[in-house]
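So you can see what is in the structure, the chains are spelled out below.
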Amino acid sequence: MQVLVETRALHKRFGDIHAVRGVDLKVHRGEVLGFLGPNGAGKTTTMRMVTGFLEPTQGTAWVDGVNVALDPLRAKTRMGYLPEGAPCYPDMRVEEFLGFIARARGYRGPELRSRVEHAITAVNLTLVRRQTFETLSKGYRRRTGIAQSLLHDPPVLIMDEPTDGLDPNQKFEVRQLIRRLGKDRAVILSTHLLEEVEAVCTRAVIINRGTVVFDGTPAEMDAKAPAGLKANRLDHVFRQLTTGDLPAGPA
Amino acid sequence: MIGRTLVIARREFAAYFSTPLAAVFLVIFLFLAGLFTFNIGGFYDRAQADLRPFFQFHPWLFLFLVPAVSMRLWAEERRTGTVELLTTLPFRLGELVVGKFLAAWGFTLVALALTAPIWITVNWLGEPDNGVILAGYVGSALMAGAFLAVGACLSACSKSQVIAFVSCVVACFLLLLTGFPAVQDFFSGWAPRAVVEALASMSALIHFEALVRGVVDARDLLFFLSVIVAFLLMNALVIDWKKAL
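Protein chains in written order, with the numbering used here: chain P, 1 to 251; chain C, 252 to 496.
Be aware that a few hints might be false.
For lysine-lysine, the following DSS-like pairs were computed, each having C-alpha atoms within a straight-line distance of at most 30 Å [what the hints assert, rightly or not]:
| id | chain 1 | residue 1 | chain 2 | residue 2 |
| --- | --- | --- | --- | --- |
| 1 | P | 224 | P | 26 |
| 2 | P | 224 | P | 183 |
| 3 | C | 493 | C | 410 |
| 4 | C | 494 | P | 138 |
| 5 | C | 494 | P | 230 |
| 6 | C | 410 | P | 224 |
| 7 | P | 230 | C | 493 |
| 8 | P | 138 | P | 230 |
| 9 | C | 410 | P | 26 |
It should be emphasised that the hints constitute simulated quantities derived from the structure, not laboratory data.
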């Protein structure tokens, strides 16, 4: 299977804080990787280094075979990115914003219009397409953020908490969309909702204090829980791995 | 490359008009420009067909108004987090920096263009040397550009638009006055002579006044253009440096 995202010995220091300590990841086409970890574990920082927003202190990231540090422009055309909190320009209309993203991605004329239309329908933004961001609910903002990330149909999608702040119906829709998208690309999504791992991910990576402490399928994660435990099995494993109740180490 | 720069410039330019900022800025600029020209500058009393009273106040008007245009360029993107979106789109750093600068400059050029009635008035009342007036407009546009480049760079340094505004006012004030005794005295006590002399030649006000007099000297044009280029380069360095933080 084709490797679409790879990181090798990725480190990030912010002054004295060693936020990411040697993260190695490989994400293949067709995988939806759930990136888990407590707050401050280094999820967002790792994703930011993969997207080129932050420079790693050490280590390398490749997206679709392109070295992010050496050829950032080409790497950026291969991925769609939903930053944490789905930032947006408050005075822009949804349509305008997607038009700007499409132009930034090099589309013009009818191709631009069809890309924007496609993105609007893919995440159900038709009702709010003429509204400005400051009038949108959190859910719609997040959905517009998702729409811009898949506008150019990239082989790699990186989403920082794509379902945060959505209501249960919206969560369900977005998860279905991600599952669909993940069939023929590589998706990395960060979350701290363990139900999300079971619902959409084909693989889970848990990171704690900047290092990977688990890498496996949701079923493998489940298997680490005590046999007798009936409910919240993943929560139990997560707690064990990230609070040091179990000897931590790559699985 | 130019296409992508214009994509940025277009969005930024539209952003000015999507908030009341554009209207407020234009109204205040035109009101103050008129007030200074006619009341304080004594446009009619001088009974001379030129625009000296109009241009002579531009440095002081720009000192407070231009930082208001440049302060949001990067600081706002940092505060709202959109900088993360912008810098992960397939733009080169230079395209982002130049695009934003061009939008802000274009906006101030709109403001300058809206002062055309003053130019029409002076042509209707007398027979001014329109070449001198054109040189004045060129000087004014270049000075606004230099201030904007300084402001854009300082906006990139901070998340706060207020800090960007205040630091830009101070920086532009120094840029205007480096050739003047007060500033010279401050440096001449301890800085090497070469530095003091270099600073003396860097006074934006002196270069601007030469242009307003109608003396179009390549050195004056070059001065403003090099300030613009230098600060845009620094702007790019700041953005790049923040990535490695």
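Hint check:
1. P/224 <-> P/26: Answer holds: residue 224 of chain P to residue 26 of chain P is near 22 Å, not above 30 Å.
2. P/224 <-> P/183: With a Cα-Cα distance of about 27 Å, the restraint between residue 224 of chain P and residue 183 of chain P holds, given a limit of 30 Å.
3. C/493 <-> C/410: The hint holds at about 12 Å.
4. C/494 <-> P/138: holds, 28 Å
5. C/494 <-> P/230: Cα-Cα ~46 Å, so violated.
6. C/410 <-> P/224: Judged against 30 Å, a Cα distance of about 45 Å means the pair is violated.
7. P/230 <-> C/493: At roughly 48 Å apart (the allowed maximum being 30 Å), residue 493 of chain C and residue 230 of chain P break the hint.
8. P/138 <-> P/230: violated, 34 Å
9. C/410 <-> P/26: Cα-Cα ~35 Å, so violated.
Going down the numbered hints, you'll see the structure goes against 5, 6, 7, 8 and 9, while the others check out.
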